[in-house]
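Residue numbers (my numbering), protein chains in the order written: chain A, 1 to 573; chain B, 1 to 573.
One thing to keep in mind: the hints can contain errors.
Because identical chains cannot be distinguished in the list, a pair is counted as satisfied if it fits within a single copy or across any two copies.
Stated by the list, open to error - Cross-link-like lysine to aspartate or glutamate pairs, in silico, EDC-like; alpha carbons within 20 Å at most:
id	residue 1	residue 2
1	Lys572	Glu71
2	Lys132	Asp559
3	Lys113	Glu71
4	Lys541	Glu510
5	Lys132	Asp512
6	Lys554	Asp54
7	Lys572	Asp70
8	Lys113	Glu136
Just so you know, these hints were derived from the structure itself, not from any lab.
There are 2 protein chains.
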Amino acid sequence: MPQLRIALAQVNPTVGDIDGNTARTVEWTRRAAEAGAHVVVFPEMSQTGYPVEDLAFRATFAQASRNSLDELARRLADAGCGEVLTYVGYLDHDEAGPRDAAAALFRGEVVAKQYKHHLPNYGVFDEHRYFKPGTELQVVRLHGIDIGMVICEDIWQDGGPISALGKAGVDLVVAPNASPYERSKDEQRLPLVVRRAAEAGAPLVYTNQVGGQDDLVFDGDSLVVGADGKLLARAPQFVEHLLVVDMDLTSGGHAGDGALAGLHVHRRVLSAELLPAYPPLTDPVISEPLSDEAEVWSALVVGLRDYVHKNGFSSVIFGFSGGIDSAVCAALAADALGGDNVYGVSMPSRYSSSHSKDDAADLARRIGAHYREEPVEDMVKVYVEQLALTGLAEENIQARTRGMLLMALSNLDGHLVLATGNKTELAVGYSTIYGDAVGGFAPIKDVFKTHVWQLARWRNDEAAKRGETPPIPENSITKPPSAELAPGQVDADSLPDYALLDDILDDYVEGDRGYADLVAAGFEPETIDRVVRMVDRAEYKRRQYPPGTKITFKAFGRDRRLPITNAWRERKA
Amino acid sequence: MPQLRIALAQVNPTVGDIDGNTARTVEWTRRAAEAGAHVVVFPEMSQTGYPVEDLAFRATFAQASRNSLDELARRLADAGCGEVLTYVGYLDHDEAGPRDAAAALFRGEVVAKQYKHHLPNYGVFDEHRYFKPGTELQVVRLHGIDIGMVICEDIWQDGGPISALGKAGVDLVVAPNASPYERSKDEQRLPLVVRRAAEAGAPLVYTNQVGGQDDLVFDGDSLVVGADGKLLARAPQFVEHLLVVDMDLTSGGHAGDGALAGLHVHRRVLSAELLPAYPPLTDPVISEPLSDEAEVWSALVVGLRDYVHKNGFSSVIFGFSGGIDSAVCAALAADALGGDNVYGVSMPSRYSSSHSKDDAADLARRIGAHYREEPVEDMVKVYVEQLALTGLAEENIQARTRGMLLMALSNLDGHLVLATGNKTELAVGYSTIYGDAVGGFAPIKDVFKTHVWQLARWRNDEAAKRGETPPIPENSITKPPSAELAPGQVDADSLPDYALLDDILDDYVEGDRGYADLVAAGFEPETIDRVVRMVDRAEYKRRQYPPGTKITFKAFGRDRRLPITNAWRERKA
Numbered sequence: 001m002p003q004l005r006i007a008l009a010q011v012n013p014t015v016g017d018i019d020g021n022t023a024r025t026v027e028w029t030r031r032a033a034e035a036g037a038h039v040v041v042f043p044e045m046s047q048t049g050y051p052v053e054d055l056a057f058r059a060t061f062a063q064a065s066r067n068s069l070d071e072l073a074r075r076l077a078d079a080g081c082g083e084v085l086t087y088v089g090y091l092d093h094d095e096a097g098p099r100d101a102a103a104a105l106f107r108g109e110v111v112a113k114q115y116k117h118h119l120p121n122y123g124v125f126d127e128h129r130y131f132k133p134g135t136e137l138q139v140v141r142l143h144g145i146d147i148g149m150v151i152c153e154d155i156w157q158d159g160g161p162i163s164a165l166g167k168a169g170v171d172l173v174v175a176p177n178a179s180p181y182e183r184s185k186d187e188q189r190l191p192l193v194v195r196r197a198a199e200a201g202a203p204l205v206y207t208n209q210v211g212g213q214d215d216l217v218f219d220g221d222s223l224v225v226g227a228d229g230k231l232l233a234r235a236p237q238f239v240e241h242l243l244v245v246d247m248d249l250t251s252g253g254h255a256g257d258g259a260l261a262g263l264h265v266h267r268r269v270l271s272a273e274l275l276p277a278y279p280p281l282t283d284p285v286i287s288e289p290l291s292d293e294a295e296v297w298s299a300l301v302v303g304l305r306d307y308v309h310k311n312g313f314s315s316v317i318f319g320f321s322g323g324i325d326s327a328v329c330a331a332l333a334a335d336a337l338g339g340d341n342v343y344g345v346s347m348p349s350r351y352s353s354s355h356s357k358d359d360a361a362d363l364a365r366r367i368g369a370h371y372r373e374e375p376v377e378d379m380v381k382v383y384v385e386q387l388a389l390t391g392l393a394e395e396n397i398q399a400r401t402r403g404m405l406l407m408a409l410s411n412l413d414g415h416l417v418l419a420t421g422n423k424t425e426l427a428v429g430y431s432t433i434y435g436d437a438v439g440g441f442a443p444i445k446d447v448f449k450t451h452v453w454q455l456a457r458w459r460n461d462e463a464a465k466r467g468e469t470p471p472i473p474e475n476s477i478t479k480p481p482s483a484e485l486a487p488g489q490v491d492a493d494s495l496p497d498y499a500l501l502d503d504i505l506d507d508y509v510e511g512d513r514g515y516a517d518l519v520a521a522g523f524e525p526e527t528i529d530r531v532v533r534m535v536d537r538a539e540y541k542r543r544q545y546p547p548g549t550k551i552t553f554k555a556f557g558r559d560r561r562l563p564i565t566n567a568w569r570e571r572k573a
Numbered sequence: 001m002p003q004l005r006i007a008l009a010q011v012n013p014t015v016g017d018i019d020g021n022t023a024r025t026v027e028w029t030r031r032a033a034e035a036g037a038h039v040v041v042f043p044e045m046s047q048t049g050y051p052v053e054d055l056a057f058r059a060t061f062a063q064a065s066r067n068s069l070d071e072l073a074r075r076l077a078d079a080g081c082g083e084v085l086t087y088v089g090y091l092d093h094d095e096a097g098p099r100d101a102a103a104a105l106f107r108g109e110v111v112a113k114q115y116k117h118h119l120p121n122y123g124v125f126d127e128h129r130y131f132k133p134g135t136e137l138q139v140v141r142l143h144g145i146d147i148g149m150v151i152c153e154d155i156w157q158d159g160g161p162i163s164a165l166g167k168a169g170v171d172l173v174v175a176p177n178a179s180p181y182e183r184s185k186d187e188q189r190l191p192l193v194v195r196r197a198a199e200a201g202a203p204l205v206y207t208n209q210v211g212g213q214d215d216l217v218f219d220g221d222s223l224v225v226g227a228d229g230k231l232l233a234r235a236p237q238f239v240e241h242l243l244v245v246d247m248d249l250t251s252g253g254h255a256g257d258g259a260l261a262g263l264h265v266h267r268r269v270l271s272a273e274l275l276p277a278y279p280p281l282t283d284p285v286i287s288e289p290l291s292d293e294a295e296v297w298s299a300l301v302v303g304l305r306d307y308v309h310k311n312g313f314s315s316v317i318f319g320f321s322g323g324i325d326s327a328v329c330a331a332l333a334a335d336a337l338g339g340d341n342v343y344g345v346s347m348p349s350r351y352s353s354s355h356s357k358d359d360a361a362d363l364a365r366r367i368g369a370h371y372r373e374e375p376v377e378d379m380v381k382v383y384v385e386q387l388a389l390t391g392l393a394e395e396n397i398q399a400r401t402r403g404m405l406l407m408a409l410s411n412l413d414g415h416l417v418l419a420t421g422n423k424t425e426l427a428v429g430y431s432t433i434y435g436d437a438v439g440g441f442a443p444i445k446d447v448f449k450t451h452v453w454q455l456a457r458w459r460n461d462e463a464a465k466r467g468e469t470p471p472i473p474e475n476s477i478t479k480p481p482s483a484e485l486a487p488g489q490v491d492a493d494s495l496p497d498y499a500l501l502d503d504i505l506d507d508y509v510e511g512d513r514g515y516a517d518l519v520a521a522g523f524e525p526e527t528i529d530r531v532v533r534m535v536d537r538a539e540y541k542r543r544q545y546p547p548g549t550k551i552t553f554k555a556f557g558r559d560r561r562l563p564i565t566n567a568w569r570e571r572k573a
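Just chain A, with the same shape it has in the complex (with noise of 0.2 Å):
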């Protein structure tokens, strides 16, 4: 049976480094060539990285993008790679504007680019104002098996060039993808793959982008699905992989070009002679998809270690307040930076309980970070005298005075600032604007309160497995939450019970539904009154919260964009 050895590059490249990303390629490629693979295939935009964003628009980028594929190609032939048939996205621009592009390369020349046919604009997706889309099929012939090509979002549209490629006769496809992370989307990749294998006659080879880039994070989760629908292979999530795969493979000797559906098709044969049988790999890598709490986890890691590493610092500074949020982001920064570069500053104030500093030292020194106490007291006090500060704005000016405190060490020591509010926090507005709100990052932002004690409890949990120190402290966990801005604050007394909240959170923002499918989801009306009330009113403080890790459908900020100024108010019909 026709034989072909497939890798699959499951990297991690930064936007707008393409030399740093033309280099990995190469090095990857080797590694490829090393393993004895015949093709290689990498991500979607895997020289530019993605989402560019507006770079797209910019011509010496598109430039760049377009000559470091030729250089590519030679460096690729250079270092003895040449006979790999390589995959690898880009940026492209013709006459008709910017263009989501893939490449392949062999002995040292770029044989077929091809540009992506579907172009989402939904959720985090705005492809329709970037990219003009394709129309064109490249297939190439290697060792008489003939290869067609997709891009990301190709697969996810019913019809259109998967089926073209079905009717035209391939032997194999391969998919480059950039496939942000959800929550459970794994569910949806496979069944999705194994469809579209189906539609094409052939296996498909999907490889996905690994690494954090803003507020999206890549789970890489690559894999190849046969024809029948078998799971081949698949890549651990959340890592750089390079999965290699033997594949026995019909050999149609598919011919013609020609149009189908408005598609161009078009063959190119790079060899056409079968391969020597050789001696397959045994034992393909079929890795298992991760538990929730750990996909979750890892999705926090990787998104917070990505912005830290790839915006050029390396070590992270904040409150430690001894609440379970601080709690949480601490042990994330730990996992994913080390505990040596994780800065926590106790802020007592006059309503600080002592418990505050007994968690916040603890938790410092179960996760190894570096931790000093600074009381805001006496910045406080010339605010409060001197303007006669009362209520609302002495609760707030002590969460600023924190605020300042953290940026002004930043400013010092080169630290990143995190911000530690939750997701429940933010839909809700009970956060203070330049106090707590302050940092360049935020890694809880998308999880509810409720998800970060299941995290939390979850976290410790497999610390304990280990035989390691639960890294946060377990009165972090059970302790009612409390601001502490005024004496004796309690969260319970300006929001509803969290479970409670969250439940109407999650309606109301991931459902995006209304005031009667809340009433007959069972909510007392006074309830979703205030909730909702709360959530419409919050949108600038939403907007001025720093980005942070992406992990549900509706993340605040770059899913959903609300007016400002908007007067919408929802209720009773």
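Chain A is fixed; fit chain B onto it per the hints.
Same frame as chain A, but now just chain B:
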């Protein structure tokens, strides 16, 4: 000759306020009826305001918008306006998804509904995210006149609905618009409408929204052009206006529904008989476009006023530094809200010059603003001593202390804080996050520094012409700009000369030009390197800046969306 009196209702709706917008439509239609109009045309999505952003996905909102049409039709009939054919815009939703729609109401009923065909997805527009395109065209015959409609972008694209209407045959085309202001846009708009009227072979009635919505401002500039390209009427910019015009029309008796290039034309007869001849109105209003400075100033005033009022505020507070930026913001705020709603705070530090305080106090007197002095010395001292701050950390804490002080006063007294930074500072990141970037709105965010000076001189000259006190102290215009965060500091220590800097920024930011283009334009390579590096590093700061009125094509925030994590560096090829 067949006659018809048309009213263009150039109104200022509020996004989300369907009830208020409906009431406005009734009121303005009543006024149109009183003026004897047979047809009144409101702007695009006049029932919901434009743009609604992700509110488009909220089923209850779309339902409320749809329901408001029937209610509006009834209320118009009840108000005695049933005989006025009323075109309004609204958000529709059918099985395909949300629709940007317009409807014609007559005698208590909705007699025609049409969806926008061309969905803009560039610059500030993301309509492929929100809407599905329409393919139907509704032509109604009123008093023997066949009236077709198109929506906004439908007239900006060649071919499509206008040319289909031309082929099908109509006597008049009405076009509801929400076309945001951009400097000198009126120079594009009139020639475009002239061209489309020729294509349609019929006069074109173009009604545009007026007023501010977050960072967008709509200038109105509604107009009527004859089939021969003659400008028949034009509304003044930046104010609500009912433009009434009498038209001599053809009455082609066009017939036949049918398909034209994928578009379906539907016809409905409301009344076939021509109107008895009546004496037309003489001297239709043909407003002159404003001068460039007056236009920009009006855009900034209206953008600021509507942001403040539509968000429920009536007054603003910000730092009066004695410099040009805060002086221009103060003059804008006084023009927008009245001097009595402007609260200036001088916040001297040890590095503040005495002229800063004098100029600030002079500014307040000139515009009739409230004024107080709040030294920040005591607050700064606590931070500097407790944390041993030096250098940048010490500079920043001064700016941040001022930001916190303003927020505290805002929390006490309910004024909206304004950030007074200009586009040049934002471009190069010459701004302190959580310092001078604090605020809910940034009036001159999209105005380059050299343009700020121009506007200041123009505004003072206008005052002098009218025999009023020029609002801006001459000294604020003429002295060298300084942040005054260190002894003897001036902007020129950190930045190239503003005239040079703005020239480079205009090419690099507005023109998206590359390194080689900048060299070819005659800029020195070292200066280019320096500016480009500053711009490319400042994206996070720009994102944290409050919204502000957009006046250029590439306003930061809304029009230009670069990755924060971005390793691309513009450089020699």
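Against the structure, the hints come out as follows:
{"no.": "1", "hint": "Lys572 - Glu71", "result": "between (63 Å within a copy, 17 Å between copies)"}
{"no.": "2", "hint": "Lys132 - Asp559", "result": "between (22 Å within a copy, 19 Å between copies)"}
{"no.": "3", "hint": "Lys113 - Glu71", "result": "within (15 Å within a copy, 55 Å between copies)"}
{"no.": "4", "hint": "Lys541 - Glu510", "result": "within (18 Å within a copy, 29 Å between copies)"}
{"no.": "5", "hint": "Lys132 - Asp512", "result": "between (31 Å within a copy, 19 Å between copies)"}
{"no.": "6", "hint": "Lys554 - Asp54", "result": "between (22 Å within a copy, 11 Å between copies)"}
{"no.": "7", "hint": "Lys572 - Asp70", "result": "between (62 Å within a copy, 19 Å between copies)"}
{"no.": "8", "hint": "Lys113 - Glu136", "result": "within (9 Å within a copy, 38 Å between copies)"}
The structure meets every hint from the earlier list without exception.
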